[in-house]
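Put chain X on the given structure of chain D with help from the hints.
Quick note, the sequences are listed as chains D and X, same order. Under the numbering used here, the first residue of the first sequence is numbered 47, with each subsequent residue one higher. Under the numbering used here, the first residue of the second sequence is numbered 296, with each subsequent residue one higher.
If you're looking for bench data, these hints aren't it; they were derived computationally from the structure. One thing to keep in mind: the hints can contain errors.
To be verified - Facing chain X, a subset of chain D residues (Cβ under 10 angstroms, in silico):
| id | residue |
| --- | --- |
| 1 | M115 |
| 2 | D280 |
| 3 | T286 |
| 4 | D294 |
| 5 | P297 |
| 6 | R348 |
| 7 | Q401 |
| 8 | A405 |
| 9 | S408 |
| 10 | A419 |
| 11 | M468 |
| 12 | A711 |
Owing to the predicted nature of the structure, the values given are computational and were not obtained by experimental measurement. Glycine residues also receive a C-beta, built at the ideal position from the N, C-alpha and C atoms.
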Amino acid sequence: MSRAGKIARRTFLIGSAAIAGGVAFGYYKYKSPVANPLLEDLPQGAAALTPYVLIDETGVTLITPRMDMGQGVWSVQAMLIAEELDIDLDQIRVAPGTPSPAYYNTALSHEAVPFDPTDTSFTAETARGVVDAAMKFMGMQLTGGSTTVPDGYDKLRHAGAVARETLKAAAAARTGIPVGDLKTGRGAVVLPDGTRLDYTTLAPDAAVIAPVTDVALRDPKDWRLIGHRIERIDIRAKSTGTQVYAIDLEPDGVVHAAVRLNPGRSGAPLRYDATAAEAMRGVEKVVPVTGGVAVLADNTWRAFQAADAIRIDWPAPAFPAEMEAHWAILSDGFTEANLSATPREAGNVAAALMQAGDAALSVEYRAPYLAHAPMEPMSATVLVEGGRTEVRAATQVPRFTQANVAKVLGLPDEAVHVHVQMAGGSYGQRLEDDAIRIAAEIADTVPGRPVKLTLKREEDFATDYPRQIAMARGLGTVANGQVTGFDLSIAMPSVMASQMGRQGFGALGADAQITAGAGDQPFAIPDYRVRGYQVDGLAPVSSWRSVGASTNGFFHDCLLDELIHAAGADPLAERIRLTADPEARKVLEVVGEMCGWGARLAPGQGRGLAFCRSFGVPVAEVVEVRATPQGIRIEKVWIAAGVGRVIDPANFENLVAGGAVFGLAHAMNCQITYAGGAAEQTNFDSYEGMRLPQGPEVEVRAVEGMGRVRGIGEPPVPPAAAALANAIFAATGQRIRELPLGNTVDFA
Amino acid sequence: MQFRINGTVHEVEVEDDMPLLWVLRDVIGLKGTKYGCGIAACGACTVHLDGEAVRSCQTFASDAAGREVTTIEGLGSPEALHAVQTAWIEGQVAQCGYCQSGQIMQAAALLAVTPNPTDDEIDEAMGGNLCRCGTYPKIRAAVHAAATKMQEG
Numbered sequence: 047m048s049r050a051g052k053i054a055r056r057t058f059l060i061g062s063a064a065i066a067g068g069v070a071f072g073y074y075k076y077k078s079p080v081a082n083p084l085l086e087d088l089p090q091g092a093a094a095l096t097p098y099v100l101i102d103e104t105g106v107t108l109i110t111p112r113m114d115m116g117q118g119v120w121s122v123q124a125m126l127i128a129e130e131l132d133i134d135l136d137q138i139r140v141a142p143g144t145p146s147p148a149y150y151n152t153a154l155s156h157e158a159v160p161f162d163p164t165d166t167s168f169t170a171e172t173a174r175g176v177v178d179a180a181m182k183f184m185g186m187q188l189t190g191g192s193t194t195v196p197d198g199y200d201k202l203r204h205a206g207a208v209a210r211e212t213l214k215a216a217a218a219a220r221t222g223i224p225v226g227d228l229k230t231g232r233g234a235v236v237l238p239d240g241t242r243l244d245y246t247t248l249a250p251d252a253a254v255i256a257p258v259t260d261v262a263l264r265d266p267k268d269w270r271l272i273g274h275r276i277e278r279i280d281i282r283a284k285s286t287g288t289q290v291y292a293i294d295l296e297p298d299g300v301v302h303a304a305v306r307l308n309p310g311r312s313g314a315p316l317r318y319d320a321t322a323a324e325a326m327r328g329v330e331k332v333v334p335v336t337g338g339v340a341v342l343a344d345n346t347w348r349a350f351q352a353a354d355a356i357r358i359d360w361p362a363p364a365f366p367a368e369m370e371a372h373w374a375i376l377s378d379g380f381t382e383a384n385l386s387a388t389p390r391e392a393g394n395v396a397a398a399l400m401q402a403g404d405a406a407l408s409v410e411y412r413a414p415y416l417a418h419a420p421m422e423p424m425s426a427t428v429l430v431e432g433g434r435t436e437v438r439a440a441t442q443v444p445r446f447t448q449a450n451v452a453k454v455l456g457l458p459d460e461a462v463h464v465h466v467q468m469a470g471g472s473y474g475q476r477l478e479d480d481a482i483r484i485a486a487e488i489a490d491t492v493p494g495r496p497v498k499l500t501l502k503r504e505e506d507f508a509t510d511y512p513r514q515i516a517m518a519r520g521l522g523t524v525a526n527g528q529v530t531g532f533d534l535s536i537a538m539p540s541v542m543a544s545q546m547g548r549q550g551f552g553a554l555g556a557d558a559q560i561t562a563g564a565g566d567q568p569f570a571i572p573d574y575r576v577r578g579y580q581v582d583g584l585a586p587v588s589s590w591r592s593v594g595a596s597t598n599g600f601f602h603d604c605l606l607d608e609l610i611h612a613a614g615a616d617p618l619a620e621r622i623r624l625t626a627d628p629e630a631r632k633v634l635e636v637v638g639e640m641c642g643w644g645a646r647l648a649p650g651q652g653r654g655l656a657f658c659r660s661f662g663v664p665v666a667e668v669v670e671v672r673a674t675p676q677g678i679r680i681e682k683v684w685i686a687a688g689v690g691r692v693i694d695p696a697n698f699e700n701l702v703a704g705g706a707v708f709g710l711a712h713a714m715n716c717q718i719t720y721a722g723g724a725a726e727q728t729n730f731d732s733y734e735g736m737r738l739p740q741g742p743e744v745e746v747r748a749v750e751g752m753g754r755v756r757g758i759g760e761p762p763v764p765p766a767a768a769a770l771a772n773a774i775f776a777a778t779g780q781r782i783r784e785l786p787l788g789n790t791v792d793f794a
Numbered sequence: 296m297q298f299r300i301n302g303t304v305h306e307v308e309v310e311d312d313m314p315l316l317w318v319l320r321d322v323i324g325l326k327g328t329k330y331g332c333g334i335a336a337c338g339a340c341t342v343h344l345d346g347e348a349v350r351s352c353q354t355f356a357s358d359a360a361g362r363e364v365t366t367i368e369g370l371g372s373p374e375a376l377h378a379v380q381t382a383w384i385e386g387q388v389a390q391c392g393y394c395q396s397g398q399i400m401q402a403a404a405l406l407a408v409t410p411n412p413t414d415d416e417i418d419e420a421m422g423g424n425l426c427r428c429g430t431y432p433k434i435r436a437a438v439h440a441a442a443t444k445m446q447e448g
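So that you can see chain D by itself, here it is in the shape it has in the complex (with noise of 0.2 angstroms):
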């Protein structure tokens, strides 16, 4: 441990550490003194390499910080350094490292500051860079935004290729053969003559040398893994049903535990009966936990059974009770005191309204709140001992979770060690911890003993924190043919300030996310104003794949698509005649091609195109749909992406074909309401989603090298749901302005 404190004080961008037995290597994006977290709780004769990389006797760990909630990233995040490290992906374990502020977020708070992410001006840059001295100190080491790739892509493969150039200078300084004549590959640094010093016995070599940081990243035409189909770490695991998700961890002597917590969110219960419920078999106890009741027992089932038993009596809601009263609070939201901002306004789109007069087009949208309802339930392991509290849980935040736990439990943060586990699924809904803090709170009443709360689905449902609920209104006008005008306002409450309030944070400024996906679309058209609106007072949201563009993506399409139908223009080459963004044209361009836009289609039969550009990926989508008798059926879908690189393409596939998916299935018939101040949805029978036999065929393409490295986690939701409603409208002739598009059309 010796040298841990002078990394501490060190300032460096890439730098080493020993410790017994072998050698940590720092890379740090900030010159500024950054703990090395796996510096801590090392075993003996364990070498770290990095806080990316972890070497000792038995292998080489690579830490991948951000957490793989199915999108793949452990495997993404391992490729990136492997591929500099010169080591294969069937010889390394993945870890996701504990929570520390050397894994914060940088590309993240790119998204959180008020300029489009592919705006490169002083000012936009300036201001990023505020933002990201604010992100260090709040330690923001978060899996959210489709940062991964961007934040990890210059980031891991540096610290792969310090690893590997240090062991190098370790080989040589052992065998005296010059760095130069050395190879490395498979693991192990290789002799002229082909003997091979494997990374596992130089590491303690390597510990004991200054670090080589002046280190080349390699040519692209010589990677081995980047950009090629990789067989992704987790697949074996996850179709023999071997992969430990957070639900599955079962320590010895663990008590299981099940909850009620308000649907209402207005605190602790007026009063309630857990008789009936103390007494079943197997319950142990029955608890308060803030905001609800906890029950113990000896299995999950009789947990959950325990906790329905319990009759409780809630408080008023903190929200409003019906969804009417939402709905009334948006419509009237679109005040002068409201208004966020103005992310584009170009032209004088009033004066053209006024002279359209009567013949300018206007409509209203609507979306509705949203689940998240990942396929895993919210789980979560505390175990308090001492002054020591481990937690295992499927966490997007880990530092904050470990903030949090320790403040439930009085203690300090770093006695708090927080396990990342492997997530069925999240789609933003493990960016909340209310869980674990939860699961903490149980922990401390039965000290020495582990506890898993495990929430039932209903559970899971009733306390989810929604994607924001949201309504626009457009205008606009056309002129010869073209669309001329186009003026959309958007009403929603804050997923930021609800969620970072949550956290303790006030807000970072006006919430970007209000206009997301419509203030930042890269269109020139002559009058063009996107306006936002922050309303409150509604229920409590969060942020939900592709946040504010998720409903944004939706107003902005479906306004320009009727538009160009009023002009009489074609919708995909009136979208590229509007368009001012390179990346953007040949994206639609590319679906054009895709599908033969323009086609002779059958009776009965349409396309939609839908475009949005969020999170810096510009995403063109056409949707084609059939009219039947038993409702509309969603035949192909086709879509173009512009990405920068593809690192692993079977993963961008999944990822880019599901998201598209997951947008249309919500657009079909998801929505949460409320009813006596709780979510009336409550499991997948009301909550349905797309099934297997409504899949349509999806093909999908990506384009590269027009624009820097992003993630495609979310991306491809935005434009899902106007493409559909652009489809429906192409074959029946009906425009449906509000979702899910199922409360006007049936599905088959």
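Below, chain X alone, put in the same frame as chain D:
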């Protein structure tokens, strides 16, 4: 109560109405079968009961006792894969993977009686298994690929 699970006999004392899912997960300790909804609406808990695909969250312990239960662990292992699992791996089907034990068990039951299913037959068999990540196109392709593999032996 006596259960035959993946060829092994287990003697456990549980309530008649405890769902087989929780007998498997919390009593026997087989975690490959997943809890998703508890109301037979998602299929994540699908296992084979005497060779037939059932939702273990809605199967009482007393109804499963004495019958042959096969879970994902009994279908194949990472070292000895079932053809359906091989197809799932080669097709890189899984994203979050949480629903895939159920999807694979449902597909294996289909292929056991319908070795070369049409798309309509796949729709019929797989329609109750929910995937939230949107892997349906890959699942369909993997079922066809598994059918081919099994016919080729």
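Task: Which numbered hints fail - done: 5, 7, 8 and 9
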